[in-house]
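Asks: Sequence:
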Amino acid sequence: MKSFSSLLPVLLAWTALAAAKNSTYYNPVLPGWHSDPSCTPVDGTYFCVTSTFISFPGLPIYASKDLVNYKHISHAWNRESQLPGYSYATDAQQQGMYAATIRFHKGTFYVICEYLGTTTNQTNGVLFKSTNPFDDASWSDPVKFNAPKIDPDLFWDDDGKVWVATQGIRIQEMNINTGEMGPVIQLWNGTGGVWPEGPHIYKKDGWYYLMIAEGGTAEDHAVTMARSKNITGPYSPSPHNPHLTNRGTKEYFQTVGHADLFQDDNGKWWGHALATRYGGNGSYFPMGRETVMFPVTWNKGDWPVMQPVRGQMSGWELPKQSRDIPGEGPFNDDPDKYDFAEGSKIPRNLVYWRVPRENAVVVTKKGLQVALGRNNVAGSPGGSAPAAKAISFIGRRQTDSTFKFSVDMSFAPTAAKQEAGITAFLTQYANIQLGIVYENEKLAFRFNSTENLNKRTPVPKSWVGQPIRLGINMDSPSEYRFSAMLASDETTKIKIGIASTAQLSGGTGSFVGTLIGVYATCNGAGQGLDCPADTPNAYFTRWRYTGIKQYISESKSVPSAEFN
Numbered sequence: 018m019k020s021f022s023s024l025l026p027v028l029l030a031w032t033a034l035a036a037a038k039n040s041t042y043y044n045p046v047l048p049g050w051h052s053d054p055s056c057t058p059v060d061g062t063y064f065c066v067t068s069t070f071i072s073f074p075g076l077p078i079y080a081s082k083d084l085v086n087y088k089h090i091s092h093a094w095n096r097e098s099q100l101p102g103y104s105y106a107t108d109a110q111q112q113g114m115y116a117a118t119i120r121f122h123k124g125t126f127y128v129i130c131e132y133l134g135t136t137t138n139q140t141n142g143v144l145f146k147s148t149n150p151f152d153d154a155s156w157s158d159p160v161k162f163n164a165p166k167i168d169p170d171l172f173w174d175d176d177g178k179v180w181v182a183t184q185g186i187r188i189q190e191m192n193i194n195t196g197e198m199g200p201v202i203q204l205w206n207g208t209g210g211v212w213p214e215g216p217h218i219y220k221k222d223g224w225y226y227l228m229i230a231e232g233g234t235a236e237d238h239a240v241t242m243a244r245s246k247n248i249t250g251p252y253s254p255s256p257h258n259p260h261l262t263n264r265g266t267k268e269y270f271q272t273v274g275h276a277d278l279f280q281d282d283n284g285k286w287w288g289h290a291l292a293t294r295y296g297g298n299g300s301y302f303p304m305g306r307e308t309v310m311f312p313v314t315w316n317k318g319d320w321p322v323m324q325p326v327r328g329q330m331s332g333w334e335l336p337k338q339s340r341d342i343p344g345e346g347p348f349n350d351d352p353d354k355y356d357f358a359e360g361s362k363i364p365r366n367l368v369y370w371r372v373p374r375e376n377a378v379v380v381t382k383k384g385l386q387v388a389l390g391r392n393n394v395a396g397s398p399g400g401s402a403p404a405a406k407a408i409s410f411i412g413r414r415q416t417d418s419t420f421k422f423s424v425d426m427s428f429a430p431t432a433a434k435q436e437a438g439i440t441a442f443l444t445q446y447a448n449i450q451l452g453i454v455y456e457n458e459k460l461a462f463r464f465n466s467t468e469n470l471n472k473r474t475p476v477p478k479s480w481v482g483q484p485i486r487l488g489i490n491m492d493s494p495s496e497y498r499f500s501a502m503l504a505s506d507e508t509t510k511i512k513i514g515i516a517s518t519a520q521l522s523g524g525t526g527s528f529v530g531t532l533i534g535v536y537a538t539c540n541g542a543g544q545g546l547d548c549p550a551d552t553p554n555a556y557f558t559r560w561r562y563t564g565i566k567q568y569i570s571e572s573k574s575v576p577s578a579e580f581n
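Per my numbering: the sequence shown ends with 581, consecutive numbering throughout.
Be aware that a few hints might be false.
[What the hints assert, rightly or not] Capping the alpha-carbon separation at 25 Å, the derived lysine to aspartate or glutamate pairs in DMTMM-like fashion look like this:
#: 1; residue 1: K566; residue 2: E359
#: 2; residue 1: K161; residue 2: E97
#: 3; residue 1: K82; residue 2: E375
#: 4; residue 1: K510; residue 2: D425
#: 5; residue 1: K421; residue 2: E507
#: 6; residue 1: K354; residue 2: E197
#: 7; residue 1: K421; residue 2: E458
#: 8; residue 1: K382; residue 2: D341
#: 9; residue 1: K383; residue 2: E359
#: 10; residue 1: K146; residue 2: E197
#: 11; residue 1: K246; residue 2: D174
#: 12; residue 1: K383; residue 2: D551
#: 13; residue 1: K82; residue 2: D353
#: 14; residue 1: K285; residue 2: D175
#: 15; residue 1: K220; residue 2: D319
#: 16; residue 1: K362; residue 2: E334
#: 17; residue 1: K337; residue 2: D356
#: 18; residue 1: K573; residue 2: D492
#: 19; residue 1: K166; residue 2: E236
#: 20; residue 1: K421; residue 2: D356
#: 21; residue 1: K383; residue 2: E345
#: 22; residue 1: K337; residue 2: D319
#: 23; residue 1: K566; residue 2: D492
[Stated by the list, open to error] For each label pair, taking beta carbons as the anchor points, the in silico distance ranges come out as:
#: 24; residue 1: N469; residue 2: N316; range: 19 to 25 Å
#: 25; residue 1: W224; residue 2: R561; range: 47 to 53 Å
#: 26; residue 1: T509; residue 2: A578; range: 26 to 32 Å
#: 27; residue 1: V380; residue 2: T509; range: 48 to 54 Å
Note that these hints are calculated values from the structure, not bench results. Think of the CB as a built atom: it goes at the ideal place given N, C-alpha and C, for glycine as much as any other residue.
Please model the entire structure based on the sequences and the hints provided.
Replies: In structure tokens:
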């Protein structure tokens with residue numbers, strides 16, 4: 018047990034915070050799969066990045082002026098040509114772009130990351146640069162470097178030297194123009210938790226503060242700190258460790274860790290971290306690891322004091338609410354209302370599972386055209402999911418505890434195994450599908466989940482040749498309800514199947530989160546990477562996603578429209 022003298026700075030800090038003018042807000046501030054957050058403030062705007070693993074485009078950049086409304090302004094990795102061949106050389110479902118750090122220095126934004134898991138010998142450390150993060154095209158081809166470990170941090174010292182700290186915890190000097198790295202210097206092993214990683218270095222009041230994550234990104238996750246008068250050490254651990262954690266509690270927000278700290282324009286400190294909303298005693302968490310925010314008191318010469326993460330927070334006065342952010346892209350809580358008119362762009366919040374094959378998903382005069390891929394979203398007929406055989410899928414993050422989603426599909430299959438539909442997708446080994454498939458010269462709805470493996474429901478004859486609206490509704494955070502109806506007649510609605518969200522909680526997707534979207538496949542017909550030449554395309558219009566509720570505790574929810 019900590020002594021009263023060691024707790025006294027914490028009590029005094031929160032007494033001061035309570036006396037200040039406070040604001041109340043809800044967590045997560047970036048709901049849905051937004052793991053490993055990093056943020057940097059620039060002239061009253063706060064720029065953040067999160068990890069994306071093998072989804073593409075990768076490394077989304079968000080901008081906010083008020084710390085609660087975040088606009089999706091670009092992706093640092095948005096062109097296959099930035100890392101040619103990397104995506105198709107990455108077989109595993111949870112490899113790719115791991116935790117990144119975003120920093121701003123002398124007019125340039127930097128995003129540093131490690132791309133993990135290629136089957137070839139590419140250099141996996143990547144450093145992207147931009148002078149205009151509101152534009153995808155402004156992000157450079159990366160400077161590549163040899164990264165000994167994951168989770169690189171980027172730190173400029175007062176003498177102009179640039180340092181990169183990584184998992185372990187190690188540090189190296191870096192030439193950010195060439196990628197040349199200096200010798201590896203061991204800094205700190207943490208306090209004994211497994212996987213000391215996610216380092217960030219801050220220089221304040223003559224001290225170098227080293228903040229890390231340890232304990233693994235599950236229930237034992239925690240934020241710990243050490244400091245030194247020299248960047249290369251030796252580092253002394255904080256007497257207040259862990260500085261942030263929910264381990265050993267029954268809090269709704271678990272796995273709290275992997276944090277980054279920054280100051281607002283008023284000099285107040287804040288932090289972002291990842292956390293997971295555990296429902297049903299830890300059974301239901303399909304959104305995976307999300308971004309939460311917490312206020313920090315950091316007095317001169319002292320250790321920072323971080324407010325524990327909860328669903329409803331009261332902290333420093335927030336900046337004035339504003340959505341005055343330039344550039345394209347939706348705010349994270351915006352509903353989807355996409356009709357895919359000819360000439361329109363694919364919305365920025367929609368992503369693929371790996372880089373898509375050329376022309377696999379394009380906007381046409383018929384709507385969003387999805388060419389059938391040889392593999393189903395559940396993997397290949399042999400049970401594997403090789404990267405070279407990319408699936409035809411596009412989706413958006415599930416960003417609400419409960420929501421409703423629907424899309425109109427026009428699809429005229431002519432041969433066995435041709436299929437298209439909607440999916441709640443975590444990985445190629447954990448997903449739920451509702452598709453229309455051609456079998457025995459007839460059309461059937463195929464519903465596939467752990468509880469209902471390949472359940473068939475005949476498509477009414479009167480529906481053939483007409484647009485069909487496929488939907489997912491959630492009445493509670495524990496179930497997805499799939500349905501179908503004629504797009505022109507809501508009275509024709511058929512309830513197809515119900516699936517537990519526990520199927521998409523952890524398991525093969527413990528690092529990622531659920532995507533809601535559409536797919537098309539010929540289920541192994543054809544040869545090599547291609548379906549037969551005469552395979553038809555599927556077309557999607559009237560794509561709608563609307564959040565209903567956000568749960569901030571096991572029993573308390575907030576209407577999505579009122580969330581922050």
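Asks: Against this structure, judge whether each hint is valid.
Replies: Evaluated hints:
For the hint pairing K566 with E359, the CA-to-CA distance comes to about 33 Å; that exceeds 25 Å, so the pair is violated. Note on K161 and E97: the hinted pairing holds, with a Cα-Cα distance of about 15 Å set against a maximum of 25 Å. In summary, the hint linking K82 to E375 is not supported, as the alpha carbons are separated by about 37 Å, beyond the 25 Å threshold. The suggested pairing of K510 with D425 holds, with an alpha-carbon distance near 13 Å, which does not exceed 25 Å.
The hinted pair formed by K421 and E507 meets the criterion: a straight-line CA distance of about 15 Å does not exceed 25 Å. Of the pairs offered as hints, the one joining K354 and E197 is violated, with about 46 Å between alpha carbons and a cut-off of 25 Å exceeded. Proposed proximity of K421 and E458 is contradicted: the alpha carbons are some 32 Å apart, above 25 Å. For the suggested pair K382 and D341, the alpha carbons sit about 33 Å apart, so the restraint of at most 25 Å is broken.
A hinted pair counts as satisfied when its Cα atoms are at most 25 Å apart, and K383 with E359 qualifies at roughly 8 Å. Note on K146 and E197: the hinted pairing holds, with a Cα-Cα distance of about 16 Å set against a maximum of 25 Å. A C-alpha spacing of about 12 Å is found between K246 and D174, which places the hinted pair at or below 25 Å, so the restraint holds. A hinted pair counts as satisfied when its Cα atoms are at most 25 Å apart, and K383 with D551 qualifies at roughly 18 Å.
Between K82 and D353 the alpha-carbon distance is near 22 Å, which keeps this suggested pair within the 25 Å criterion. Proposed proximity of K285 and D175 is supported: the alpha carbons are some 22 Å apart, at most 25 Å. For the suggested pair K220 and D319, the alpha carbons sit about 12 Å apart, so the restraint of at most 25 Å is met. For the suggested pair K362 and E334, the alpha carbons sit about 38 Å apart, so the restraint of at most 25 Å is broken.
Proposed proximity of K337 and D356 is contradicted: the alpha carbons are some 33 Å apart, above 25 Å. A hinted pair counts as satisfied when its Cα atoms are at most 25 Å apart, and K573 with D492 qualifies at roughly 14 Å. For a cut-off of 25 Å, the pair hint linking K166 to E236 stands: about 23 Å separates their Cα positions. Between K421 and D356 the alpha-carbon distance is near 17 Å, which keeps this suggested pair within the 25 Å criterion.
The straight-line distance between the Cα atoms of K383 and E345 is roughly 24 Å, inside the 25 Å bound, and the hint therefore holds. With a C-alpha separation of about 29 Å, the suggested pairing of K337 with D319 is violated against the 25 Å cut-off. Simply put, K566 and D492 have alpha-carbon atoms about 9 Å apart, close enough for the 25 Å limit, and the pair holds. Evaluation of the 19 to 25 Å hint for N469 and N316 yields a failure: the beta carbon distance comes to about 57 Å.
Against the hinted window of 47 to 53 Å, the Cβ-Cβ separation of W224 and R561 comes to about 51 Å, which satisfies the hint. At about 29 Å, the beta-carbon gap between T509 and A578 stays in the expected band of 26 to 32 Å. The hinted window of 48 to 54 Å between V380 and T509 is violated, with their beta carbons roughly 28 Å apart.
Going through the hint list in order, the structure does not satisfy hints 1, 3, 6, 7, 8, 16, 17, 22, 24, 27.
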